[in-house]
Amino acid sequence: MKHHRTTLTMNVPARMDFVNITHDVQSAIQESGVKEGLCLVNAMHITASVFINDDESGLHEDYKKWLEELAPFDASPERYHHNRTGEDNADAHHKRQIMGREVMVAITKGKLDFGPWEQIFYGEFDGRRRKRVLVKIIGE
Amino acid sequence: MKHHRTTLTMNVPARMDFVNITHDVQSAIQESGVKEGLCLVNAMHITASVFINDDESGLHEDYKKWLEELAPFDASPERYHHNRTGEDNADAHHKRQIMGREVMVAITKGKLDFGPWEQIFYGEFDGRRRKRVLVKIIGE
Amino acid sequence: MKHHRTTLTMNVPARMDFVNITHDVQSAIQESGVKEGLCLVNAMHITASVFINDDESGLHEDYKKWLEELAPFDASPERYHHNRTGEDNADAHHKRQIMGREVMVAITKGKLDFGPWEQIFYGEFDGRRRKRVLVKIIGE
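Protein chains in written order, with this note's numbering: chain C, 1 to 140; chain P, 1 to 140; chain X, 1 to 140.
Please note: incorrect hints may appear among the correct ones.
Repeated chains share a single entry, so a pair holds when one copy, or any two copies, can fit it.
The calculated EDC-like cross-link candidates involving lysine to aspartate or glutamate, where the alpha carbons are at most 16 Å apart (straight line), are [claimed, not checked]: (1) Lys2 / Glu31; (2) Lys131 / Asp113; (3) Lys35 / Asp113; (4) Lys65 / Glu78; (5) Lys2 / Glu36; (6) Lys64 / Asp17; (7) Lys111 / Glu31; (8) Lys2 / Glu140; (9) Lys111 / Asp24.
Simulated from the structure, these hints should not be mistaken for laboratory data.
Generate coordinates for the entire structure from the input sequences, incorporating the hints supplied.
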């Protein structure tokens, strides 16, 4: 069994945005030498997501609006208990639960085993700081 | 390490519906010969889900109503930016995020290692076309 | 390839609550002897979740309020079809979909490969009974 680990460093200038990391994950798979196996890609921070969907900017705008409706940003201590601790990012902890922490992807013949439109995104909900994504690969 | 890959073909006549694929996944595990390992089951399309819950038709009705409230179908270009591209399925991209893309299941003694009521479902949110589910198994 | 399986028994006195199980998962990894691999942690019941977020009590209060807004408890047969079967826990089946069934975590050098604030939680949405969490580890 082979294993391989790498991290990607993200630095998103906006509070909320999505970054296509598909190419970085494919590069990690190539580095690993794994031809058949599984690849875990997860946010290492709890106000960020990794998810798979479409690389279409209109859809990303829709997601931002929808997530803001489901869990609005509100730095005041009234809406969120979490923001009574001095934090202002309670909304980000909620948004991340909707979009998910991680994806597991299959590796087949050394490549991401994907459907026609699948792309991997980093979802940032409390940006303007350095964060990391973990890529862990096992297989042979 | 053994590995095995198969795909299931789905063709759901409704726009939104759920299909129990537990038996198909168990068959793939038997084909693989893997006794101890992990099995990834994921939708290969970004307007569909794979999730684990109860095989109870009333609950499935509840899910459909709830998902329609959280992300209503609206083909017009007003509500969703994505539907300004000529698509009408922006709602399906949202519903899939709530229900999830994939499940990871444990294989123990050659079987799905499940609690008493766990069943695997394909969730379709933009049906009336052929789609695929990927099953990837690793173990020994 | 090594593999290891254990279950955790949960008995949450409240209908809804969150329990930090990070230490139990780390213990299972130590027992397994796996230094490099993957670890699946999933609820074996369909009205419970396993998720990763912050161990901050204010945030947990926020989650409870938010989940109650997204999928209110209502034992009557009017709101949820599922509760016409004699059950009263349809809301719990919805809350679990928001928070997720499972997490996959990387094992590196024999430890959970985590960011600074990542903690694993069991999320109970229909408690006051005994339930189980599955931990399945593969690697070497």
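Hints and how they fare:
no.: 1; hint: Lys2 / Glu31; verdict: within (11 Å within a copy, 21 Å between copies)
no.: 2; hint: Lys131 / Asp113; verdict: between (27 Å within a copy, 15 Å between copies)
no.: 3; hint: Lys35 / Asp113; verdict: within (11 Å within a copy, 23 Å between copies)
no.: 4; hint: Lys65 / Glu78; verdict: between (22 Å within a copy, 13 Å between copies)
no.: 5; hint: Lys2 / Glu36; verdict: both (10 Å within a copy, 9 Å between copies)
no.: 6; hint: Lys64 / Asp17; verdict: within (8 Å within a copy, 26 Å between copies)
no.: 7; hint: Lys111 / Glu31; verdict: within (11 Å within a copy, 23 Å between copies)
no.: 8; hint: Lys2 / Glu140; verdict: both (5 Å within a copy, 9 Å between copies)
no.: 9; hint: Lys111 / Asp24; verdict: within (12 Å within a copy, 25 Å between copies)
Against the hints set out earlier in the document, no violation occurs for any number.
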